[in-house]
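Heads up: the sequence lines are chains A and B, in that order.
Okay, so the first sequence: first residue is 1 according to the working numbering, each after it adds one.
Okay, so the second sequence: first residue is 1 according to the working numbering, each after it adds one.
The set of hints was computed from the structure by calculation and includes no laboratory data.
Nothing here was measured: the structure is a model prediction, and the numbers come from that model.
Hints may contain errors.
[Stated by the list, open to error] Beyond 10 Å from chain B on every Cβ pair, some chain A residues (computed):
1. Arg22
2. Glu28
3. Thr29
4. Phe173
5. Ala205
6. Pro209
[Claimed, not checked] Footprint (simulated), chain A over chain B, 3 or more residues, beta carbon under 8 Å:
7. 45–56
8. 65–73
9. 132–142
10. 296–302
Quick reminder that beta carbons are idealized off the backbone N, C-alpha and C, glycines included.
One-letter residues, chain by chain:
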Amino acid sequence: MNGGSIEALPLSPSALRAVAVRLVAAGETLRTLDLDRRAHALCKTAALLRDADTKVGRSAGELLASSTGLSAEMVRWGLETTLREVDLDAVRRLVDHASRSQVGTPQPARLAVVVLASNLFTAAVRAIFTPLALGVPVLAKGSSRDDRFAWLLKRALSEVDDEVASAFELLSFAGERSDLLQAAFAEADVASVYGSDATIAAVGALLPPTARLLPHGHGIGAAFLPSSETRDEQACLAAMRSLALDIAAYDQRGCLSPQFVCIEGTDEELDRAGRYLYEALAELALRLPRGALPTTIGAAQMQWRGVSKARGTLLEGDGFSICIEADSTPRLGPGYRNIALLPCGGHEDLIERLLPYGRHLKALGVGGGRAIRQQLARSLPSPLSPAISALGEMQTPPFDAAADGLPGWSGFLSSVELR
Amino acid sequence: MSALETLRGEALALIEKLADGSRDDAARDALLDALLEEQSRSVRAYGRLAKDREPGHGWPAVPTDVFRYLRVASHAPTEDRRVFQTSGTTQGTRGVHALRDLRTYDRAAEAAARLYLFPDHPRMRLLMLAPHESEAPHSSLSYMLSRFAEWFGQGEAIWAWHRNRLDRDRYVSVLSESERSGEPLAVLGTSFALVHADEALEGRRFALPAGSRMMQTGGFKGRSREIDPQTMRAMLSERYGVGEASIVAEYGMTELSSQLYETSLRDLVLGDSAAGATAGRRLWVPGWVRTTAVDSETLEPLADGEPGLLRIDDLANIDSVAAIQTSDLAITYGASIELLGRSPGAVSRGCSLAIEEALSR
Numbered sequence: 001m002n003g004g005s006i007e008a009l010p011l012s013p014s015a016l017r018a019v020a021v022r023l024v025a026a027g028e029t030l031r032t033l034d035l036d037r038r039a040h041a042l043c044k045t046a047a048l049l050r051d052a053d054t055k056v057g058r059s060a061g062e063l064l065a066s067s068t069g070l071s072a073e074m075v076r077w078g079l080e081t082t083l084r085e086v087d088l089d090a091v092r093r094l095v096d097h098a099s100r101s102q103v104g105t106p107q108p109a110r111l112a113v114v115v116l117a118s119n120l121f122t123a124a125v126r127a128i129f130t131p132l133a134l135g136v137p138v139l140a141k142g143s144s145r146d147d148r149f150a151w152l153l154k155r156a157l158s159e160v161d162d163e164v165a166s167a168f169e170l171l172s173f174a175g176e177r178s179d180l181l182q183a184a185f186a187e188a189d190v191a192s193v194y195g196s197d198a199t200i201a202a203v204g205a206l207l208p209p210t211a212r213l214l215p216h217g218h219g220i221g222a223a224f225l226p227s228s229e230t231r232d233e234q235a236c237l238a239a240m241r242s243l244a245l246d247i248a249a250y251d252q253r254g255c256l257s258p259q260f261v262c263i264e265g266t267d268e269e270l271d272r273a274g275r276y277l278y279e280a281l282a283e284l285a286l287r288l289p290r291g292a293l294p295t296t297i298g299a300a301q302m303q304w305r306g307v308s309k310a311r312g313t314l315l316e317g318d319g320f321s322i323c324i325e326a327d328s329t330p331r332l333g334p335g336y337r338n339i340a341l342l343p344c345g346g347h348e349d350l351i352e353r354l355l356p357y358g359r360h361l362k363a364l365g366v367g368g369g370r371a372i373r374q375q376l377a378r379s380l381p382s383p384l385s386p387a388i389s390a391l392g393e394m395q396t397p398p399f400d401a402a403a404d405g406l407p408g409w410s411g412f413l414s415s416v417e418l419r
Numbered sequence: 001m002s003a004l005e006t007l008r009g010e011a012l013a014l015i016e017k018l019a020d021g022s023r024d025d026a027a028r029d030a031l032l033d034a035l036l037e038e039q040s041r042s043v044r045a046y047g048r049l050a051k052d053r054e055p056g057h058g059w060p061a062v063p064t065d066v067f068r069y070l071r072v073a074s075h076a077p078t079e080d081r082r083v084f085q086t087s088g089t090t091q092g093t094r095g096v097h098a099l100r101d102l103r104t105y106d107r108a109a110e111a112a113a114r115l116y117l118f119p120d121h122p123r124m125r126l127l128m129l130a131p132h133e134s135e136a137p138h139s140s141l142s143y144m145l146s147r148f149a150e151w152f153g154q155g156e157a158i159w160a161w162h163r164n165r166l167d168r169d170r171y172v173s174v175l176s177e178s179e180r181s182g183e184p185l186a187v188l189g190t191s192f193a194l195v196h197a198d199e200a201l202e203g204r205r206f207a208l209p210a211g212s213r214m215m216q217t218g219g220f221k222g223r224s225r226e227i228d229p230q231t232m233r234a235m236l237s238e239r240y241g242v243g244e245a246s247i248v249a250e251y252g253m254t255e256l257s258s259q260l261y262e263t264s265l266r267d268l269v270l271g272d273s274a275a276g277a278t279a280g281r282r283l284w285v286p287g288w289v290r291t292t293a294v295d296s297e298t299l300e301p302l303a304d305g306e307p308g309l310l311r312i313d314d315l316a317n318i319d320s321v322a323a324i325q326t327s328d329l330a331i332t333y334g335a336s337i338e339l340l341g342r343s344p345g346a347v348s349r350g351c352s353l354a355i356e357e358a359l360s361r
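Construct all of the structure, not just a fragment, from the sequences and the given hints.
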């Protein structure tokens with residue numbers, strides 16, 4: 001189980017087809033290893049990357065701050081909170097649920113091709129580790145904008161377990177190379193694709209007819225604070241502190257990041273919530289500072305804040321802003337810690353505001369206890385299928401959490417039903 | 001007479017004085033200050049933006065998006081004389097610029113075009129590759145070009161773009177006639193229409209007579225392939241036989257009343273070809289306009305030579321707000337600017353903006 005040097009894959013269609021064939025064979029070996037072996041390999045890899053005292057852990061912290069544009073503190077937070085979720089219980093739970101959910105004999109895919117997005121580096125963990133846990137080999141295509149974390153995952157896994165690592169290869173190239181993607185897909189049973197609707201459509205068009213597409217398109221998060229939390233000062237303060245973390249995490253760039261918050265309460269309670277959130281974001285900015293603002297985002301931020309100020313109330317802090325607009329349709333902001341607070345009349349009003357986003361609503365953070373979240377979960381109509389969580393936990397889903405309304409293992413296993 | 005009407009008169013007088021290309025920045029700035037102060041009282045949306053301004057500090061600029069969501073005007077809709085709208089974008093709602101009085105718009109447009117588009121010919125034959133204002137009553141470009149036909153046209157201007165399509169036969173006929181007669185022609189059009197025309201003309205080339213010129217404006221707006229400015233100039237030069245210095249880019253927007261032009265043609269005509277070669281690709285800023293590049297996060301002014309988001313203070317914008325903040329990236333050089341486009345090397349705009357665009361389709 002020694003680590004080896006990580007070489008870039010050759011970039012020609014014929015070479016990639018050969019890699020895919022080799023991975024299919026590696027997958028057969030992977031499935032001969034028992035679940036515990038695979039689970040331990042993934043958990044040790046996660047632990048290695050979390051540990052800033054290891055070489056690869058240190059590299060992760062140093063490299064990712066510059067490549068992602070996130071602050072060093074945010075990178076560390078992302079690594080810690082994502083990788084700690086990769087524990088033995090969670091991996092076993094994932095595989096166990098997957099097996100028990102099959103109607104017949106579960107059949108792992110022969111090969112999964114995973115196309116990674118760049119907006120959230122930690123998304124690569126579940127994207128790559130889930131199929132490996134299930135015994136499915138992975139050929140991952142890193143984002144051309146930033147694929148460093150995927151390379152670090154590969155390097156760490158190679159250090160921990162050669163055999164498991166041999167079932168994971170990483171493909172890296174800049175620009176459009178549909179010929180290479182098509183070659184990579186040639187042996188794939190499933191393509192798990194992260195990105196915009198346009199990317200997913202373009203990639204989907206390259207798949208062989210025998211392969212299944214698992215789309216993970218762009219999305220947003222939202223949050224809801226019921227009146228039970230807004231009318232009580234202490235509850236509101238606690239809720240806003242938790243929400244601040246949801247907003248600040250990854251500088252609000254991810255698909256789970258809340259872009260607007262619906263607040264049930266009086267105008268005064270709405271204003272108070274805004275003030276509490278302001279204080280919480282200001283405090284958090286000291287511990288988890290925002291990364292540098294790209295010029296494009298600066299322009300979008302300028303436009304969004306200008307409209308906010310002209311129409312409502314804008315609370316501007318150092319590296320964040322809160323817009324309070326009454327009676328307005330949510331106007332999605334540029335992220336980077338710009339959040340809108342909207343008045344809301346209750347569950348029905350909330351649903352009405354959320355419905356236009358349909359399947360694009362990926363996460364809903366809800367203040368209050370589990371009972372409120374359960375009530376909402378039961379009342380959300382199709383096509384709404386967000387992951388509903390407590391405030392403060394929107395961006396730290398467990399390893400075996402659902403993805404895009406489906407179980408995390410969905411698509412990587414199929415069933416042979418015997419009637 | 002209201003304060004705004006007094007300011008309109010003063011702005012008109014200053015534009016008139018500076019119509020020869022001269023400058024009086026002190027007078028411009030003093031008038032801009034007075035105008036913005038009055039507009040902060042008379043334009044509700046601007047009043048909200050300016051309410052936290054500290055006395056003695058600069059006036060904030062209105063981001064162009066505000067025109068999409070709020071009425072930015074000091075007069076009631078019943079007094080609208082003309083309403084310009086931005087072209088439909090993937091973002092949904094169109095921006096609206098309502099004007100009660102077109103005098104400053106007209107004077108500014110005529111003065112700038114005379115200096116930089118028609119410095120040598122008081123009138124000439126005009127061929128338009130844009131819709132006539134009767135087809136596009138809310139297009140500020142169509143309005144402007146229709147005025148050009150009145151101010152600078154020799155005979156009837158030809159409009160070769162109808163209902164979003166090129167009238168190829170008419171277009172070719174006018175170009176050929178210019179070749180035969182030796183009478184110079186000015187071809188004025190949008191970038192995407194010029195690209196469409198280029199594709200429609202296939203292998204056909206023209207050798208337009210000396211003195212001919214072209215004006216291109218606007219982006220491609222997803223309606224044609226996108227071409228960088230240098231390639232565009234080379235393409236047009238080859239297609240029409242017009243020297244690159246005679247191909248002038250114009251910068252304007254719905255939210256403004258004034259326009260900026262490249263200086264290459266004027267430099268050529270005045271014999272200053274050396275200056276045209278390097279500085280010609282900069283846009284001249286009229287004396288009644290102030291341009292500032294600002295930091296993309298703090299919106300604080302940057303020094304000349306530093307790239308930033310372009311803020312434009314336009315004295316001709318009497319009925320709305322004189323200070324406009326764009327999302328365009330530019331470098332200022334005193335009385336000229338270099339446009340860098342929309343944030344070159346941009347990072348992905350991220351999930352939320354992508355979703356907003358998708359939902360707006």
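Hints versus structure:
For A/Arg22, the condition that its CB be more than 10 Å from all CB atoms of chain B holds, with the nearest at approximately 33 Å. Every CB of chain B is more than 10 Å from the CB of A/Glu28 (nearest about 37 Å), matching its label as outside the interface. Every Cβ of chain B is farther than 10 Å from the Cβ of A/Thr29; the closest lies at roughly 37 Å, confirming the non-interface assignment. Listed as a non-interface residue, A/Phe173 keeps its Cβ farther than 10 Å from every Cβ of chain B; the least gap is roughly 18 Å.
No beta-carbon of chain B is positioned within 10 Å of the beta-carbon of A/Ala205; the least distance is around 18 Å. Distance to chain B confirms A/Pro209 as a non-interface residue, since its nearest Cβ pair spans about 27 Å, more than 10 Å. A stretch counts as covered by a chain when three or more of its residues have a beta carbon under 8 Å from one of that chain; for the segment 45–56 of chain B and chain A the count is 4, and the coverage holds. Figure legend: the segment 65–73 of chain B, annotated as covered by chain A; annotation consistent (5 residues with Cβ-Cβ distances under 8 Å, at least 3 required).
For the segment 132–142 of chain B, the stated coverage by chain A is violated: 0 residues have a C-beta nearer than 8 Å to a C-beta of that chain, whereas at least 3 were required. Only when three residues or more bring their CB closer than 8 Å to a CB of chain A does the claim for the segment 296–302 of chain B stand; here the count is 3, and the claim holds.
Hint compliance for this structure: hint 9 alone is broken.
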